[in-house]
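> Residue numbers (the working numbering), protein chains in the order written: chain G, 1 to 207; chain A, 1 to 140.
Only true hints are included.
Taking lysine to any residue pairs in the SDA-like style, the calculated list, with each CA pair at most 20 Å apart, reads:
1) G/Lys53 with A/Leu83
2) A/Lys100 with G/Leu55
3) G/Lys53 with A/Asn63
4) G/Lys109 with A/Lys41
5) G/Lys109 with A/Phe65
6) G/Lys95 with A/Lys125
7) G/Lys95 with A/Glu38
8) A/Lys41 with G/Gln98
9) A/Lys125 with G/Asn100
10) G/Lys185 with A/Tyr84
11) G/Lys161 with A/Ile87
A few chain A residues that don't get close to chain G, going by computed Cβ distances all over 10 Å:
12) Gly55
13) Lys104
14) Tyr126
For the chain G half of the interface with chain A, some residues (derived, Cβ under 8 Å), not all of them:
15) Gln48
16) Lys50
17) Met54
18) Leu55
19) Asp57
20) Leu59
21) Pro80
22) Tyr81
23) Tyr83
24) His99
25) Met158
26) Leu178
27) Glu180
28) Asp184
By construction, these hints were calculated from the structure, which means they are not laboratory data.
Heads up, the beta-carbon is just placed ideally off N, CA and C, and yes, glycines get one too.
Each chain, written out:
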Amino acid sequence: MKKFFVLLTVLLSFSMLISAQTLSEAQIRQKINEVASQMKSMQCDFTQTKNLKMLNDKLVSKGKMYYQQNNKLRWEYVSPYAYVFLLNNSKVYLKSNQHNDVIDVQQNKIFKEIARIMMNSVVGNCLNDDKDFSVKISDIANEYVANLSPLRKDMKQMFQKIILHFNKKNSTVSMVELVEKNGDKTVIELSNVQINSKIDAKVFTVD
Amino acid sequence: MRKYLLLISLFCATIFAHAQVHFPQTEGERARYTASIEMQKAHISGICIMAYQEGRINGSLFNEFGISAMDFSYVPEKDKVKLYHVISMLNKWYIKMTLKKDLKRLIHTLQDGKNEYVNEKRHIKYIFTPLIASEDGIAE
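Bound-form chain A, shown alone (with noise of 0.2 Å):
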């Protein structure tokens, strides 16, 4: 019985993950993600979303609280990350660079099925891990 029970939990387990979206590459579907992004000095987390809206990929980066770091959209046609309320802290046109020019790159290995980018020339690495759905964790 208590093998029924581990298989049952394990078949359930199984198909919940399968059910997440690791990128959202169709009209309507959407991917969360934990965000660590570690910089030489220093590093931050917090939680991305992304949803398949109108065309392109929508996404906001923001911490743990809640308080957000940027908005985003990437057009797969045009291959073009915009940034938008780009926080005053890291609001600076050379940060601002470095950040469509990554988030574009992470975009590429999100759809590639991977988690991580590195960026060897600034030393910045980007750890997207999706979130996994909880019964009461996610709100539709």
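Just chain G, with the same shape it has in the complex (with noise of 0.2 Å):
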């Protein structure tokens, strides 16, 4: 009997430790929503590397992020190709080497989604999205992991699913996973994050 006393508190204590360690879904979704909500500015480098299936090869592409509350962003590709995609509040504007385009996003429904994915994974305002994605959030070692599963049909056309990666210490998206029908996998690692730091409003203008 004592034996048994001693066992049940053992593993009482283990269960107990185990649940002071991690977080639940609902604490992990809080935290990262208090970040995103406290979020003025961000701006990091990013790699994003495209890894083809079909092919079986993969394309590493650079560049830099900025992005500023409300509808400011700036994702810049500066190797191997040169490209800016600049959302400026309904405005959007892509240049590329051969043409500059402005769109505005409330009469284009795709650069809209396009332009509100964009900025939503990178602040980690993906996870509110309850009409767009079913969302499971798991606590793994170092990092908070979300998935996202697509409930709309034109994004399941797309994507099989989105994998948000959070880093712990400052609940900030480190890296985002686009993994698509066809088997093909985007990642995105965001580096030199800098948050809330002042960026030259010359940023969010066309040259």
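Hints in hand, dock the two standalone chains.
As structure tokens, this is what we get:
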């Protein structure tokens, strides 16, 4: 009987220890949301690796990202190609070597969606898109991982799932994985992340 | 000394440019392009990668963010293009029919060392410019 109580005590303390170390899904969501709501600006470098299933090949692109609340985002590729996606409120500017385009996101549903998903992914607001994704969050080692399964038909046609990795230290996104229907996967890793530092207004204007 | 360094840089750049494959002609060769497809009322830009694999040329076309538009293969012996995993926006029989024909013609154009093919009937211009590989830009 004594042995049984000792065992029970050990088991109970062990399970309490585990629950103290890992946060519940709701707690993680709350933590990430708090950080996202306080995020006025964010800038970082990124490395994007496109893995092509059919060709068994990959393409690595690099660039810089700037975000400013509300609705300002500059996503710029510098290598191996030059391309700028710039969202400034309701306008999207696209700049490549051959073309410069301005698109009104209010009139272009596809761009409105792209802009919204990009911004929500980077900031971490995707977790609140209950209409667009079913979200499962796990607490793994030194990161929180959110698995987003698309619910809408148009999103389902493109993505199997989107996986967001959050740095546990500051609850901000460190990596985004886009898994497509054809088996291709694009991994975007963020580095040199600066939160709430001042960003020159010129960054969000077209040259 | 400055002239000497400039000469070395030019020499390296020339070698590097020649190392780029304009079009994959033999097994294992790969080519990468920035792709621009210009239509009358719109245009699409992105990246295209082609590889010679098991007697055929396999290709993938995707936008700058990495989102796939389509995969395709070209069998030189049959001179035929097949499309796979076409994005829903382009997944209409009449678009795919044009795409198949145009990709075949574009492949012929690239084989000839040129970068541009124009479908005069449909007023679609395809410009595939080889991507210059940089030290850190393209992985193996």
